[in-house]
Every structure is written in C-alpha cells, then in structure tokens.
Amino acid sequence: MNKRMILRVLGIVMGVEAALLLFPFVVGLIYQESCTVYFAYTSIFCLALYLLSLKVPIKNKTIYAKEGLVIVSLAWVFMSLIGAIPLLLTNATPTYIDAFFEIVSGFTTTGSSVIADVESIARCATFWRCFSHWIGGMGVLVFILSIVKMQGNDHNMHIMRAESPGPMVGKLVPKIRQSASLLYIIYTFLTILLIALLCLAGMPLFDAMCNAFGTAGTGGFAILNQSIGQYNNVVYEVIITIFMFLFGVNFNFYFYILMWDKKALFASEEVKAYVGITLTFIILITLNLWPFYGNILTALRHSSFQVSSIITTTGFSSYDFNLWPQFSKTLLLVLMFIGACAGSTGGGVKVSRWVIMFKKFKNTIKKTLHDRSVNVVTFEGKAVSDEVISQIFVFFMAYISIFFLGLIIVSLDGFDFESTFSAVATCLGNVGPGLGIAGPLGNFASFSNLSKIILSLCMLLGRLEIFPLLITMLPQTYRRNTHL
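Each residue of the sequence shown is one higher than the last, beginning at 1 in this note's numbering.
These are computed hints drawn from the structure, not numbers from a lab. Heads up, a few of these hints could be off.
Mimicking EDC-like on lysine to aspartate or glutamate, the simulated pairs with C-alpha atoms at most 20 Å apart in a straight line are [claimed, not checked]:
#: 1; residue 1: K360; residue 2: D371
#: 2; residue 1: K359; residue 2: E269
#: 3; residue 1: K263; residue 2: E380
#: 4; residue 1: K362; residue 2: D261
#: 5; residue 1: K359; residue 2: D371
#: 6; residue 1: K360; residue 2: D386
#: 7; residue 1: K272; residue 2: D261
#: 8; residue 1: K262; residue 2: E380
#: 9; residue 1: K66; residue 2: E387
#: 10; residue 1: K359; residue 2: D386
#: 11; residue 1: K329; residue 2: D416
#: 12; residue 1: K360; residue 2: E380
#: 13; residue 1: K3; residue 2: E33
#: 14; residue 1: K61; residue 2: E33
#: 15; residue 1: K360; residue 2: D416
#: 16; residue 1: K55; residue 2: E33
#: 17; residue 1: K362; residue 2: E387
All values derive from a computational prediction rather than experimental measurement.
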C-alpha cells in the first residue's frame, strides 16, 4: 500500500478544509460574533497539518483501488473529526460527541440534528452546518480532483469511483479532472440559480444561501426550528421542491442535456423510474391527505414537498408529517429505502439498483417458467454484467445487515419502535428526519452517546456506500500482498 501517497492526499484534504473554514469565519465577522475566532483557529490547525504533509517524501505517486478506498474513507472521517471542533467551541453543541454527530450529519448530507433550538446558535455556526451539506453533496475528493492537478490522473478514477454514489460510475469526458470540474460547474450553477430565485421571492440572502446549500447537497439542516414550514410561504416551498427534485437527478443527465445527446437522454431508464416513483408517491399521499387538510391543493403542496424531500434524502419539512395518517407516514418510510439517482447528491440505496434488481427478478421468473430461455439484464441500453449484479446483491445484504445491527444497538436506549426504526433508517439512508422523537420537529439529542456514535457510523457508511469504510477498517487491507 502506498501509505505516503495516502498521507499526502489527506494533507491536501486538510488544506482544502482550512480554506473552507474561512467562509463561516467571514460570516462571523460580518455579524460581529466573537466566537467566530474559533473557525480561524481550526483553519490554522488544518493548514498546519497540510504543511506537515508536504514534508512527507513521495517516490511513487500511483493510486490504485485500495488506496482510493482508504483515502476517501479517512478523508471523510478526519474532516468530520476536525470540522466538529468549531461547533463545540462556539457552544452550538454541548459535547464533542454531539458536535461530531452534527458535522457528520452535515458532510454526509443527512440532516439529522442534535440541536433542539437551531435559531439560538451563532450565525457562523449555522452557516458552517449548512455549508457542510454543500461540501459533502458532490464530494470533497471530487472537488479536490476538479481544482488540484494530481499525478497519475488515470488512477484518480479510483478516488472518484469510491466517493461517487451509485453502482456504476464512469467518466463524462476522457480526463478525470475535466469530469470532476464539469460536475462542479453544473452543481455550482444550479446552487447559484436557486439562491437567486429564493432572493427574488423575498427570502433574506443569508437564509437563501443556507437553504440552498441544504437543498443542493440534499442535506436538509434547518435554520429555523420548524424547518421550511416556518416561513409559511408557498413560493419558497415550490422553488425548493423543484430544486430538491433536480438535485436528485443523475448529473450525467445534465451533461447529456448540455451536449444534446438525444440517444443518451431517451435511454436514461433511471431518470424515468425516478420521475415515475416520485409522481406515484405524490399522488398516493395527496389522496390520503385530502381529507386530512380538507383541500386537495394544500394536500398536493405538502405531499409534493415531502415526497421530493424524502426520496432525494434532503430532509426538509413543510409540515410535521408525524401528524399525518399512518398510510402517508408508511409511504415516506418506504421512500427512505429507495433514494435518489446514482451520480446525484442524494443518498439512499439509489433508484438504479432497484431497477436492476427488479429486472433480475423478472428474468429469474421467466427462466423458471422457460428454463431454456436466455435473458440478459439490460440497463439504459447496455447489458449489465453478472459481476455488477453480484455487487448489487452484496450491497443489499450488507445494507440490510448493517441496518439491523444498528437497530439492535440503538434499541438499547429503550425508545418506541417507530422512533428507533426510523432513526436508523434515516441515518443509514442519509435522509435526515425520521418518525416519533426523531421526527421533522424533533431531534436526536435524547439518544445516548453510544447510539449517536453508531448513528454517525451509519451516516458515513450510507454516504460512502458501505464498502470503502468497511475495507478501511479491515486489517488485511494494509498487508503487502493484498490487492483490490
């Protein structure tokens, strides 16, 4: 294993975090908050780590799959460990474990929070929480690849593949740096457009930026205690609903639009399935909420917002859906296990995996009825190899196993089943709010420290899609004869 190259890349990550911490520092200066100095101290600490990493001599600059997995996992862990420090020092959270949970939730774009009164914390801390969504949405390593020219460009695909969500990640253009840059150009453009629209609708700039970061990263940290619903503004909700949906689309799809690749656009089965699932759930929940609200337009307003929020794993709320009929709450719980498109900023299992699994299920039934038939699983006009299908099956098994293991440990807190089940589901799926005490107007503060650590681990496993973090924790990963 190329340990020195791992240290060098981690040092670059620390350097990037040092620069990113200056944004909340500037916000604190604007609002004249004395606690903003802690962001400067933390930034200097990160900068020192970066400068130390430059002292490490590098002979071999090659990054293989194993190094890529370890780099991505350690980068997210160290960014979270250090990113939690200013949240603790600014008194946004009472303990370091709470601060770690909060920033992990931010970077992984989960949006689950331990802060009961988000309106009482400093503006610089609020900005850092929301900005962490935007940082983690597309991926910090993808960001680094887009701005830093690293040696062994072809091998950097292992880093991008390990961090990007979904079963199949490919290059948009031949060079990795160009692909990463293109992704961030699209991501930044949509974010700026959202901020502009919210400001034009009357939302204050600070609120617009924070809510846009949460929407773009599909994170959902609220800056008001009752989330987006506290604004009680239909225009805000419509704009955010549309953009939550847009950020849940595979970004390759936007590239095809820019290139006007009609063949690729019409072959996009995942986007079609994503649209179909979203519309189906909106209709079902709207019909169920019609008697609840007594007005179909009001039901449609809250249904479309919440479905878009949950399927994209954003986690904003326009209403306390804990009060909704059981049928609607159950449908939202199902959406937590579906997720958005691969290659988007959304979390969850991903629509592409469900589509491939469903096709494999259909082919198995056909094979059972007609044993001589040859049925190949295709996805978006291409045959899916048995290896990819096997990887998806293994992912599902790992996902379910981790979910139930987390459920067993968190159940030691003694909360009701609805709260416990949804808390683990929402953290592993990077959704944000659950049901019961972990609902949209609740928080995770009452969970034990052990549960917060387990749920933080679930968030990291969910965002990194399990295997990078698991492989990093295996001792045999670091043996010389191990090849991945």
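Which of the listed hints are not met by the structure? Violated: hints 4, 13, 14, 15 and 16.
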